[in-house]
Amino acid sequence: MSMMKNYDVVVIGAGVSGAAVARRLSAYRLSIALLEKEIDVSFGVSKANSGVIHGGFHHSPDLLKSRLEIQGNLMYDKLQRELHFPFRRCGILVAAFSTEEMRIVQELYNRGLANGAIGIELCNGDRMHMLEPKLNSDVMGGLFAPGGGIVEPYRLVFSLVESAVLNGVDLHTNFNVTRVDKSGKSGSGDREYVLHSSDGQSIRGRWVINAAGLFADRISGLFGAEEFRIHPRKGEEFLLDREASAHTSRVIFPVPNPVSKGMLVIPTVEGTTMIGPTALETDDKEDLATSSENFEKVFYSARRLIPAVSERDIITSFAGLRPSLEDGDFYIARSEMAVRFIQVAGIQSPGLTAAPAIAEYVKDLMKQGGLSLTEDPDYQGEIPAVPRFRSMSLHEQDAAVETDPAYGNILCRCENVSEAEVVAAIRRGHTSLDGIKFYTRAGMGRCQGGFCSYKILQILRRETGLPWEKITKRGGNSWIVRERISPAKTS
Amino acid sequence: MKKELICISCPIGCGLLVEWDTPENISVSGNRCPRGEIYGSEEARAPSRMVTATVAIESDKLSRLPVKTDKPIGKEHIPSLLQELYSLKLLPPVGCGDIILDDFAESGVSILATRTIEA
Amino acid sequence: MKHAEFDAVVIGGGASGLSAAAEMSRRGASVAVVEREESLGGILNQCIHNGFGLHQYNEELTGPEYAERCVTALDKLSVTVFTGMTVTQMEQEEGTHLLYGFSRESGMLRFRCRAIVLAMGCRERNRGNIGTPGTRPSGIFTAGLAQRLVNIDGMVPGRECVIVGSGDIGLIMARRMTWIGARVLGVIEIQPYPAGITRNIVQCLRDFDIPLYLSHSVTRIYGKNRISGVDVAPVGKAGGEASGAFHIPCDTLLLSVGLVPENEISRKAGVRLHPETGGPVVDARYMTSVPGIFACGNVLHVHDLVDYASEEARRCGESVLDFLSGVSIGEQIRVRTGRNVKYVVPGRLSVTGKNRFYLRSMVTGTGALLSVRLGGSEVLSRKLPYVQPSEMISFDLAAEEAISSRLASGEEETDLEVSLEIPKKEGT
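Protein chains in written order, with this note's numbering: chain A, 1 to 491; chain B, 1 to 119; chain C, 1 to 428.
Don't read these hints as lab results, they were simulated from the structure. Check the hints yourself; a few may be wrong.
Derived pair list, reagent style SDA-like, types lysine to any residue, alpha-carbon separation capped at 25 Å [what the hints assert, rightly or not]:
1) C:224 / C:206
2) C:76 / C:228
3) B:61 / C:50
4) A:470 / C:135
5) A:363 / A:103
6) A:470 / C:383
7) A:470 / C:219
8) A:134 / A:271
9) C:268 / A:363
10) A:285 / C:399
11) C:76 / B:119
12) C:268 / A:310
13) C:383 / C:339
14) C:383 / C:326
15) A:134 / A:114
16) B:89 / C:228
17) B:89 / B:119
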């Protein structure tokens, strides 16, 4: 039998929750493994979502997710200073069109106060329009939460993982946990878990964190822990061009209904505008198809808030899945059925916002559960920043190409992404086209990869030695080209 | 024997009906001008095509050399021509117009390089 | 930062950029060409099929051969070429133009010049633009990207292919994919008639028995990681077998759904764009709304034939020299589109020079009449046996005719109106 790696803690799932937990724990003297079933981190729920950092007024204070939302929100400034992900605290507006809606807004305001949301404000129509001139003139009032903001979710997760890895966490991608045993003979005391992947890898761990997103219920079952069901709820979003006149300065919410927060108009950090998401129950945890039926609904909703929204500005659309639990709250607790097993399940909205606080909460749960935490004096919170050509001034660009000629090779003309950044992405383990795209933005612009794909493929081959046929869009069977032109196949 | 064709001599694209019993006895109808008659009979008698393709070449600057037939080649030769081209591996330098394959399969058609590759 | 100074800088080293550069250099200007790929030639390098140069050289050439002629034309001239360099922005400073170019080799280079020629060509419309619902698997390529992977990199994108769009690029790729051993299962065209030329329908589809589905569109894409199939339905019908919809299993989808002039840096520099062409609005000198910035070729409006793009680029180069020498353009008359005309380029007629106009029809029809009127009177009329949107039309107009006509009509303020009279419309 081969030598199996032994870890103090194994985190299953490298989405925002798992990545935040792994990073938090890496501040202590612990050996930690972060497992991810896809080829890259953040490829599940954390990839396709709105990127909104919520303002702490949507949920009542008695819910766990409410407390973690507010705490998490407050941690973002420090986190961004250390991890350099794109983040803007641009503020959130909830727009009301009637006295009935204003009544609901009043409730949100009270809830925000109870949750401790800083700076939250009830606004009349004039104040609303002053805060966001593009609002429908029919808006009669609403709520302003200056603490709300926007983030590039995959950049956040990438940087959390990078920080974790820098501090000694072992990242295992392409590790899909399909079987769990306990080591040693039964009855011989405190046994460790042995986790097996679908392709025959195995690792050992004492503590296990279940942060497996859409598949948290399946993972819980493998460990003999609590039974619950994750209901996937699909959300479609549309992305509007950077030049669209619908680009707002705040995140705009409608008044929420009992089921969802509604369809938003979101100014992304990189300058595009996102509208959505829809909310559709689905049975299929892998159903990421967009549809034409929702189109009308989304645009009607968005235009009601911001009349300048136009279909002509659409660049692309995508869908994400939310891992919802029956009662809608986060399920973060020590398992009562499996030893040293922490459930971090049902992390839908406001999961992104709460993530840094979830990590603190999990650490505390583990400490209470008997995990000994000794601080690691070598822990570094900061990761090195990778300057982006597109964000530099001419002066900075000049300096950058002096130190690294790869900054002068512009691969993606639409988003101004240089070879230096693509190489940085690849060297950090992002070896699929989508991974590089999310790290650098190459391929996200107006030509959608038409002019840069072949250049990225060239750099990937050079850096990794991967043959053409082995390069994928996002791992698994998502190959790009079949094979080289050859005589055998052409008859 | 008969065949329905679209004439490609001009953008109008007349629908042609070509009928023949022997190669010498071909009749073309449906054409609005004499060019249609010529195209129709040629197409029925000896359909041929210009073929363009790429051939592997050992060069840092480019990995495929584009090539073409120097005149239309009988359609029946095309599959074996492609087979041959895709099994070649050339070495630079190659000049635009250089003969890559001379008189392929005794068809009277040669294959020429259409790009210059120095090294 | 390095510096360089030229009379004129051409952005783009394809057919148009090279033709404009050669013309300007021949006439004595100091010229630089900036090209983002490692070789000159632009998109022609990957268009290994023939059909180029019939008008320009009276020969049928392949794309690379045409490109090589454009490059060879620079041989005896002193044009400075910068390859592997991308221009990221343009600025103006006291009557001169500044451009910033970046390359691995040169680092950052600031160009100072008195004239800029935009010749960046065009980009392809993509899945995001047509909004096809479904999943987002790998295996979806724009036809041009697939062409690049096949003809430059020697790779087979996939074995079972569906092509959206029956324009010439899509048809050429249908043949190319077949010749490299793939099966092309169908070409899906949204219009009731094919967009490409008849020769390509015959030699790219019929030769291989590839079905052409007119008035159909792809309504859904399937496949979790790699594309596994598409739903195809008649236009206007939602789906379901009763409506004539069907499914095609495939592992590759090529999109040939239109070209858009690439004008991002133009726009950022304040150049006004034409809503119909997507390219800059230009006057009779091919000068944009920014003095000293000119445009020609596909960046101005998407051409069908590279020969016309080269010709346009040459005339643009000529105009640049006039501009640099301080030759006044004189009076210009505004050009308007009349019936059935999608656009006319350039947007102005020069009363002192020779003018060549390019236009596109909005409709398909036989026995059309091109009618050009100045004020109330007709200054040009020509019978066109066949018009369709995918075939550009051109006409020349010498200024004297226009002027004498106008004087005769006695009107001062007048436009040049270009229309197409179509007796019977086959489709719109």
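Find the hints from earlier in the document that the structure breaks and name them by number, from lowest to highest. Structure breaks hints 1, 2, 5, 6, 7, 9, 10, 14, 15, 16.
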